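Line by line, the protein sequences are chains A and B. Numbering (my numbering) for the first sequence: 1 to 249. Numbering (my numbering) for the second sequence: 1 to 290.
Simulated from the structure, these hints should not be mistaken for lab results. Warning: the hint list may mix true and false statements.
[Stated by the list, open to error] If the Cβ cut is set under 10 Å, some of the chain B residues that face chain A in the computed set are:
| id | residue |
| --- | --- |
| 1 | I213 |
| 2 | E218 |
| 3 | V229 |
| 4 | R241 |
| 5 | R245 |
| 6 | Q248 |
| 7 | S249 |
| 8 | S253 |
| 9 | R254 |
| 10 | G255 |
| 11 | Y256 |
| 12 | E259 |
| 13 | H261 |
| 14 | R267 |
| 15 | A277 |
These numbers were taken from a predicted model, which means no experiment stands behind them. Virtual Cβ for every residue (Gly too), placed ideally from N, Cα, C.
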Amino acid sequence: MTVFAAKGVHFAYSGFEPCLSDISFEIESGERVALLGANGSGKSTLLHLLNGLFFANEGAIEAFGTVLSERGLETTGFGPEFRKRVGFLFQNSDVQLFCATVRDELAFGPLQLGLSRDEIEERIRDTLRLLDIESFQDRSPLALSAGQKKLVALGSVLVVSPSVLLLDEPTAGLDPRSQAMLLDLLNALHAGGATLITATHDLGLVADVADRAIVLGEDHRVVFDGPARLALGDRGLLSSTNLIFEREG
Amino acid sequence: MSPLRLTAAVSRRSGAARIARRGLSGIFGLLASSHQRDANAESGGFLQGIDPRAKTVSLIGLIFVTTLVHSWLSLALCLTSGVFLALASNVPGNLLARAWLAVPLFTLLITLPATLNIVTPGHPLLVFPGVHLGKGVLAITAPGVVVAVRMAVRTGCCVTFALLLASTTRADRLFKGLRMLGMPSTFVTVLAMMERYTQVLARVAGEMHMAKISRTIEDSGLRREHEWVAAGMGSLFRRSRTMIRDVQSAMVSRGYKGENHTLDGLRAGPADYMFVAGVALFAALLLGLG
Numbered sequence: 001m002t003v004f005a006a007k008g009v010h011f012a013y014s015g016f017e018p019c020l021s022d023i024s025f026e027i028e029s030g031e032r033v034a035l036l037g038a039n040g041s042g043k044s045t046l047l048h049l050l051n052g053l054f055f056a057n058e059g060a061i062e063a064f065g066t067v068l069s070e071r072g073l074e075t076t077g078f079g080p081e082f083r084k085r086v087g088f089l090f091q092n093s094d095v096q097l098f099c100a101t102v103r104d105e106l107a108f109g110p111l112q113l114g115l116s117r118d119e120i121e122e123r124i125r126d127t128l129r130l131l132d133i134e135s136f137q138d139r140s141p142l143a144l145s146a147g148q149k150k151l152v153a154l155g156s157v158l159v160v161s162p163s164v165l166l167l168d169e170p171t172a173g174l175d176p177r178s179q180a181m182l183l184d185l186l187n188a189l190h191a192g193g194a195t196l197i198t199a200t201h202d203l204g205l206v207a208d209v210a211d212r213a214i215v216l217g218e219d220h221r222v223v224f225d226g227p228a229r230l231a232l233g234d235r236g237l238l239s240s241t242n243l244i245f246e247r248e249g
Numbered sequence: 001m002s003p004l005r006l007t008a009a010v011s012r013r014s015g016a017a018r019i020a021r022r023g024l025s026g027i028f029g030l031l032a033s034s035h036q037r038d039a040n041a042e043s044g045g046f047l048q049g050i051d052p053r054a055k056t057v058s059l060i061g062l063i064f065v066t067t068l069v070h071s072w073l074s075l076a077l078c079l080t081s082g083v084f085l086a087l088a089s090n091v092p093g094n095l096l097a098r099a100w101l102a103v104p105l106f107t108l109l110i111t112l113p114a115t116l117n118i119v120t121p122g123h124p125l126l127v128f129p130g131v132h133l134g135k136g137v138l139a140i141t142a143p144g145v146v147v148a149v150r151m152a153v154r155t156g157c158c159v160t161f162a163l164l165l166a167s168t169t170r171a172d173r174l175f176k177g178l179r180m181l182g183m184p185s186t187f188v189t190v191l192a193m194m195e196r197y198t199q200v201l202a203r204v205a206g207e208m209h210m211a212k213i214s215r216t217i218e219d220s221g222l223r224r225e226h227e228w229v230a231a232g233m234g235s236l237f238r239r240s241r242t243m244i245r246d247v248q249s250a251m252v253s254r255g256y257k258g259e260n261h262t263l264d265g266l267r268a269g270p271a272d273y274m275f276v277a278g279v280a281l282f283a284a285l286l287l288g289l290g
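All chains, please: the whole structure from these sequences, using the hints.
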């Protein structure tokens, strides 16, 4: 089943140069895909488009066979269903954790999606247990370490049981233990059938989170779409997209 | 290093980047006071054990009654009850001192004109010979002093009750209580996010100040310092705008459509009802005394 299909997508922030040009690809259910590119190549923007937060200026993105549009997400039954099926882990946990306590944070998504109180309580319990964060469920997210914040942010996404996870630099700023824990968790989710789409410029992370790589060049176009191991082995590709830098001589 | 100790360490340095250091001290002071408030709200004092709704209704009720009473006895009782509750709730002395020094003193300052005979006529306590206004000489009068002092005491009482509410209730429980008392959900959400993101932005501002200090080799002069502060404010404003957009995206991503739904988990017990009843009786007594 095709989860996302991008067809000739162009996007520019109002008054700025285009940050995505002629982007086309399809992502199937259960895939692990890495969106690779240097800073400013448009990876995060593309994740926002895939999550229906921004919308293409030209071309279209289809999710589960339906074109993502502002109107479609707001006025039809597709919106809540899409939000239940697609979770987005932001790079900066501080923007994702806006509630007063960890528990409120986990409750936010299910409440907005209209789940029953009993089901919400059960999901919160399960998520707290899964991530081993029960001990600080009543604390303010602000008082947590970077690793703990990332776990809570992930919990706030997982609590609605999405089948697709969009991850923006998921391990940025994490200590090695937190990174390992997060990667184990993501792999367990993938083993359970989840589709993982990870935006990163950390090449060391790619082998752990992706089988396929879509590489964005500095001209904001797709310059490679194929097996991740091929992308990682192509020094010319990595060098030309500013993912690695090699001195001459 | 804790914010308080860092503040002290930063304050001791001298030389370049005076304004950056002072700004950093202020930012860490803000974060430290927030940390102290949260720690106090978690301590096991009397008011900490009261349901936030009961506490909010009771203490706001007391503030309202304090603004209505006139007699010195009533004001003394308000003051005594505030101090008693603060002691029973382990409210730190420095917080009380701030409430009882800064705010009433400021009130006294702005009510100074009321002490003059041109505003409040009466027996003169201090005459300013040679300063004529209208037909008489300018003087501070006894009734004027009474008006100013009563105003300062009343303000001090009100600030004490507000401080008791804020320092003995964790912010999230206070907001939850406000919501359950019928405050519009959107208003409370905005309040809660303001409280949270003020701290996030204060940390960002702190990092900017720290970066400035670490890169300052010699004092660049007051004018350059002022320019840097203005540029920093602009940068922080831009960051806050970006953050607003990102937070909204994060909310929409999790299903937010403009209406906030929340889990309300507060339960009032017999002790809470007794507290409200006790405060209501006390308020009736104050009103009876006038």
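Exercise. Could you check the structure against the hints above and give me the numbers of any it violates, in ascending order?
Key: As far as the earlier hints go, 1, 2, 3, 4, 14 and 15 are violated by this structure, in ascending order.
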